[in-house]
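Chains A and S, in that order, give the protein sequences.
Take the numbering used here: the final residue in the first sequence is number 306, and no numbers are missing along the way.
Take the numbering used here: the final residue in the second sequence is number 828, and no numbers are missing along the way.
Hint data in this document are derived by calculation from the structure and do not stem from the laboratory.
Keep in mind that the hints are not guaranteed to be accurate.
Across the chosen pairs, the derived CB separations fall in these ranges [unchecked claim]:
id	chain 1	residue 1	chain 2	residue 2	range
1	S	Gly699	A	Leu151	21 to 29 Å
2	A	Phe57	S	Asn651	23 to 31 Å
3	S	Asp774	A	Glu158	16 to 24 Å
One-sided and incomplete, this derived list gives chain A residues near chain S with beta-carbon spacing under 10 Å [stated by the list, open to error]:
id	residue
4	Ala59
5	Val140
6	Gly147
7	Arg149
8	Pro165
9	Thr167
10	Thr168
11	Thr254
12	Asn268
Glycine included, C-beta positions come from ideal geometry on N, C-alpha and C.
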Amino acid sequence: MRKQRPQRSRRAALPLPALILAGVAVAFFALPLVGLLWRAPWSNAWTYLTDDAALTALRLSLVTSLCATAISIVFGVPLAWLLARVAFPGRGAVRALCLLSMVLPPVVGGVALFFALGRRGLVGQYLDEWFGITLPFTTAGVVVAQTFVAMPFLVVTVEAALRQLDPRLEEASRTLGASRWYTFRRVTLPAIRPALTAGAVLAWARALGEFGATITFAGNFPGTTQTMPLAVYLSLETNPEEAIVLALVMIAISFAVLVGLRDRWFGSIGRPQQVVA
Amino acid sequence: MRRCCLGVVAVLTVVTACASGESSSRSGGDADVTVFAAASLTAAFTELGEAFSAANPDAEVTFNFAASSELVAQINQGAPVDVFASADATNMDKLFDAGLVADDPVIFATNVAEIIVEPGNPRGITEVSDLADGDLVVVQCAPEVPCGSYAELIFANAGVSVTPASFEENVKSVVTKVTLGEADAGVVYRTDVLAASDDADGVVIADDVNVVAKYPIALTANAANPDGAQAFVDFVLGPSGQQVLADFGFGST
Numbered sequence: 030m031r032k033q034r035p036q037r038s039r040r041a042a043l044p045l046p047a048l049i050l051a052g053v054a055v056a057f058f059a060l061p062l063v064g065l066l067w068r069a070p071w072s073n074a075w076t077y078l079t080d081d082a083a084l085t086a087l088r089l090s091l092v093t094s095l096c097a098t099a100i101s102i103v104f105g106v107p108l109a110w111l112l113a114r115v116a117f118p119g120r121g122a123v124r125a126l127c128l129l130s131m132v133l134p135p136v137v138g139g140v141a142l143f144f145a146l147g148r149r150g151l152v153g154q155y156l157d158e159w160f161g162i163t164l165p166f167t168t169a170g171v172v173v174a175q176t177f178v179a180m181p182f183l184v185v186t187v188e189a190a191l192r193q194l195d196p197r198l199e200e201a202s203r204t205l206g207a208s209r210w211y212t213f214r215r216v217t218l219p220a221i222r223p224a225l226t227a228g229a230v231l232a233w234a235r236a237l238g239e240f241g242a243t244i245t246f247a248g249n250f251p252g253t254t255q256t257m258p259l260a261v262y263l264s265l266e267t268n269p270e271e272a273i274v275l276a277l278v279m280i281a282i283s284f285a286v287l288v289g290l291r292d293r294w295f296g297s298i299g300r301p302q303q304v305v306a
Numbered sequence: 576m577r578r579c580c581l582g583v584v585a586v587l588t589v590v591t592a593c594a595s596g597e598s599s600s601r602s603g604g605d606a607d608v609t610v611f612a613a614a615s616l617t618a619a620f621t622e623l624g625e626a627f628s629a630a631n632p633d634a635e636v637t638f639n640f641a642a643s644s645e646l647v648a649q650i651n652q653g654a655p656v657d658v659f660a661s662a663d664a665t666n667m668d669k670l671f672d673a674g675l676v677a678d679d680p681v682i683f684a685t686n687v688a689e690i691i692v693e694p695g696n697p698r699g700i701t702e703v704s705d706l707a708d709g710d711l712v713v714v715q716c717a718p719e720v721p722c723g724s725y726a727e728l729i730f731a732n733a734g735v736s737v738t739p740a741s742f743e744e745n746v747k748s749v750v751t752k753v754t755l756g757e758a759d760a761g762v763v764y765r766t767d768v769l770a771a772s773d774d775a776d777g778v779v780i781a782d783d784v785n786v787v788a789k790y791p792i793a794l795t796a797n798a799a800n801p802d803g804a805q806a807f808v809d810f811v812l813g814p815s816g817q818q819v820l821a822d823f824g825f826g827s828t
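Looking at chain A on its own, in the form it has when it is part of the complex:
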């Protein structure tokens, strides 16, 4: 793990059974995509793509998923830091609590959000009463639903990186007189940057594909809450061709981002962390 070896020798060392299993896994992920491409109505694709409703849903999806990612970073990094670095009673329970939305069926998550933030919810009734804020059926509601299901992916990734990070680096920075905040900004953050990027991309991808919690908590209205997955789902019933084209657009965007980031950022994961203090 600690030793840095060229990629090629590692690949050659892979035993044949593992190679076969890996091949099956690749086919397992690739085949459904090939199926979509195979059934895609290429002659009508442009009409569906330039459809106003589709473009509106796409724009909304991009905006909300990026907002959800930003919020996940702002709150998720401190949360990951708390879970990784601060020993407090019940830490395991708090971690489980914060990751619960990963296993919760998203539709149930949506209903739970109603109970918490809805017009009659625990907190939501006061939001409505005191500030006149109601989240259900609004774009903000979409962002809340997406953040709820997406943030754990960032927290898990960043927490793992923080645990692996040698605490002596931060201690050294502190002994040299740097403040906690300065140390966090200049030592901790750069060291965990690859994991932070990976976590942010995972969270973004999850938010982009979010369906259940969104349609339950935020509803479905073109322009305000109808994101791409919702548009795909509804058009699947009446116009499967359009649904396939829309799904392929989502896949293409995510694919481009994942491939693009992989080369630029993920390359340093797994290598020893380099810190420029």
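Based on the hints, put chain S in the right spot on chain A.
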């Protein structure tokens, strides 16, 4: 290395166990009848299925409830199903045109739309035109779903333009939004208001504006158990089936 091999063998054992478990559960019970039914039939058909099983002890009925349009999509993709009960003719016709229905569909029940409101009708809604009020949070089904197309027809009949807060994917989510207090009103079926009992009230829609939903039922072309399927359809159309449907607020044909 040996430990690694053991690990691989263990994983493969689990994988094959999963796969065989799947196939064995499929082949069990030849007398089973699989029924795909519109979401609005959920409560009535669940009870009807119990009555059918009581009358035919060998037969087990399995239901899949969803928006009729979604069920059509599933059947089109080869979902295993013996009987399809739709909330409108349009979706049944889609299956019929695709050659996936065994014989002519039969109307087995009717339903009318109703406005669902919170218990006690706090917003004082009395007719369809009240829904045009911009301060009200109104939800309806998406136009792709039968209850949504009925709602749009009713708004057109009443000559009002309603801007809903959300186009829900099926009628039960409209009910949920109102019973949870997140929406003030929604357009659903009379049977849904009855099923919500204490959690919601209904506002009757005037006959000259309202539409009557006709529910067709049919055997599918690829039914694995055509005899059981026919028995179920006969039961639905027979006196005991019709009684259950009437108990849940459906009209007879």
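Evaluated hints:
Taking the beta carbon of each, Gly699 of chain S and Leu151 of chain A are about 28 Å apart, inside 21 to 29 Å as hinted. Under the hint 23 to 31 Å, the C-beta atoms of Phe57 of chain A and Asn651 of chain S, about 24 Å apart, fit the expected range. A C-beta distance of roughly 22 Å is found between Asp774 of chain S and Glu158 of chain A, which places it inside the suggested range of 16 to 24 Å. For Ala59 of chain A, the interface hint is violated, the least distance from its beta-carbon to any beta-carbon of chain S being 19 Å, above 10 Å.
Taking 10 Å as the C-beta contact cut-off toward chain S, the hint placing Val140 of chain A at the interface holds, the least distance being around 8 Å. Interface hint at Gly147 of chain A: satisfied, since its Cβ lies 5 Å from the closest Cβ of chain S, which is below the 10 Å cut-off. Because the closest C-beta pair between Arg149 of chain A and chain S is about 4 Å apart, less than 10 Å, the hint holds. With its C-beta approaching chain S no nearer than about 5 Å, Pro165 of chain A sits inside the 10 Å limit, and its interface hint holds.
Below 10 Å, beta-carbon pairs count as interface contacts, and Thr167 of chain A has one with chain S at about 9 Å; its hint therefore holds. With a cut of 10 Å, the hint placing Thr168 of chain A at the interface with chain S is violated, because the nearest CB-to-CB distance is about 12 Å. The beta carbon of Thr254 of chain A comes within 7 Å of a beta carbon in chain S, closer than 10 Å, and the hint placing it at the interface holds. With a least beta-carbon distance of about 9 Å to chain S, the hint placing Asn268 of chain A at the interface is held under the 10 Å criterion.
The structure fails hints 4, 10 (numbered hints given earlier, in ascending order).
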